[in-house]
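J.: One letter stands for each residue in the lines below.
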Amino acid sequence: MIGVGKMKLYSNVLDRPLSKGKQEVSLSAFAFLFSEMVQYNQTQVDNIAELERRLEDAGYAVGARVLELLCHREKGNRRETRLLGILSFVHSTVWKVLFGKVADSLEKGTEHEDEYMISEKELLVNRFISIPKDMGTFNCGAFVAGIVRGVLDNAGFPAVVTAHFVPVEGQQRPRTTILIKFAEEVLRREARLG
Amino acid sequence: MIVCVAAVGQQNNPLYIQSFTEADDALKLHHIVHCSLDVVDERVNNPKKSGPTLNETFLGMLYPTENYKVYGYLTNTKVKFILVTTDLDVRDADVRNFFSRFHAAYVDAVSNPFHVPGKKITSRIFADRVRNIVKSFGLSSTG
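Top line first, the protein sequences correspond to chains A and B.
Residue numbering for the first sequence follows the numbering used here, starting at 1 and increasing by one per position.
Residue numbering for the second sequence follows the numbering used here, starting at 1 and increasing by one per position.
Keep in mind that the hints were calculated from the coordinates and are not lab data.
Hints are not guaranteed to be accurate.
As the list claims (entries may be wrong) - Keeping only pairs whose Cα atoms sit at most 20 Å apart, straight-line, the calculated SDA-like set for lysine to any residue is:
1) K78/B / L187/A
2) K78/B / L70/A
3) K78/B / V62/A
4) K119/B / V62/A
5) K78/B / L83/A
Pulled out of the complex, with its shape left as it was, chain B reads as follows (with noise of 0.2 Å):
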């Protein structure tokens, strides 16, 4: 179950945030992904020698917490993209796609005349969008 999905510019502003759970801990997710923020800039700062090359988009798992998983994407204009999720067993494929959709719709918001760079994703597209790859993340990991 993906209970949050954001993404953040290049001076870690968010450009767009919204969670996916009925529960009143949208302020807890937000914090969550303010933290993974932070560890996105430590592993583009410090590449491990052994681990992904400097240049990958995907970052793969940042952390875990106690029953959420962070994964992490970042984009060729340093715009972050950060999931959270609460399935224990999700295959590195399918988090690498949904990430490949999400980058998709967000170049397409983005090419928007109307959209000044820097500001809020405003368009209604957009966020059904996100939500229709939401919701197919989350049949094709349980079924």
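For reference, chain A alone in the conformation it holds in the complex (with noise of 0.2 Å):
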């Protein structure tokens, strides 16, 4: 059949549709944004631990709405019950929708058997960041830190999860390292599950 198919070509270019767009928001855009935010929140406290606990809140709030998003976008559809499958969940799937790549390393802490570590050479949101000298330890990717406990919290795997700076040799910016520690009842069930 002739014809079938084949698209308006509109005479004047105000009358064709819109474009979709690309599904990102500019970089520039975002890191504005946070720095907005950080500022903020820095007016409002008066210690470190304080910003960092509202960054983390924040983040929380995202990250309980990506997970309910991401769950009912990816075809496969399954709920994650086992902590390896969640795990992998949030270092691939949940950083390739919020920062366009997956993680760089996923790893399993050694001293303690419910401690894992998800490290990135350059976290997206501290990439305009530098901290000063009498801030500390102070990280802004507390609120990365406060996405990943919003997922495993309302996934069902409580866990305490916080954002460090670990130092490497050869390179000026240190890596960071957010650690995760999973509550007590998610490693009885999980011991329970096989």
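Can you join these two chains into the complex? Each is in its own frame, and there are hints to help.
T.: Structure, rendered in structure tokens:
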């Protein structure tokens, strides 16, 4: 049949339908918004621990919603019940959706059974941020730690998640590591499932 | 005919419950939804070896009462969707389709930054979307 599926040619460029657009947001827009968020929280708190907690809480809300959204969009649509399953989900799918690439590495902690680490050479949120010396060990990656905590908590794996700088020789800027420490009940359940 | 849809949170707190009949037995429908939560928990904690795998989201028909059938759906965040219907010949594909559209509306409602997770969904747009989905479900299964 001739003519089936032929695209309509618009004579006037104003009549063309709007394109769907890229699924991405510009990095500078996000960096600007994030810097404003950090500055706003800085004026509201007295110490660094409180600032980190606020960033983490902001990330928690994002994580909860990202989990719902991804579960719905994923064609496979399976609920993660195993520890390794949810960790690899965070490491690849969540990172891909949020930052456009999978995380650099996922490691299991050596000292404790319940510790896992996701490392990234340069966290996207930290790219345009430098911490002044008097702030000590503060890391704006607390926002990303909050996102991970939101995803894990709402999937049924309560955990304590923190972000740390790990200095690497040969590199000017230190590597960022997200440390995940699972709660007791998660390990007990995992042991029971075999 | 769908008589009732409900979304129930992780701690079995109601997030959204809406009945679509004119009759006054809304309380009875709430009660049916409440009983079906027990069935969902039972399915999740004791999986049948030959039944669907542990991680499926769609739970299928939960249990039939005198003239209602109850279907369940579990999301990744332990939020349960319950559907109560009076149709006798509902196709599986229709129910799955209904749940996936309901899930899409739910995700959009929860993505609202002003929505507090755990509280009831008060968005009017969400209620309208659910009403449309329910209306089109009725048409597709009878037509």
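J.: Next step is simple, just say for each hint if it's right about the structure.
T.: Status of the hints after comparison with the structure:
1. A hinted pair counts as satisfied when its Cα atoms are at most 20 Å apart, and K78/B with L187/A qualifies at roughly 19 Å.
2. At most 20 Å may separate the alpha-carbon atoms for a hinted pair to count; K78/B and L70/A meet this at roughly 14 Å.
3. Proposed proximity of K78/B and V62/A is supported: the alpha carbons are some 17 Å apart, at most 20 Å.
4. The straight-line distance between the Cα atoms of K119/B and V62/A is roughly 17 Å, inside the 20 Å bound, and the hint therefore holds.
5. With a C-alpha separation of about 16 Å, the suggested pair K78/B and L83/A falls inside the 20 Å cut-off, and the hint holds.
Consistency with the previously given hints is maintained throughout, with no hint failing.
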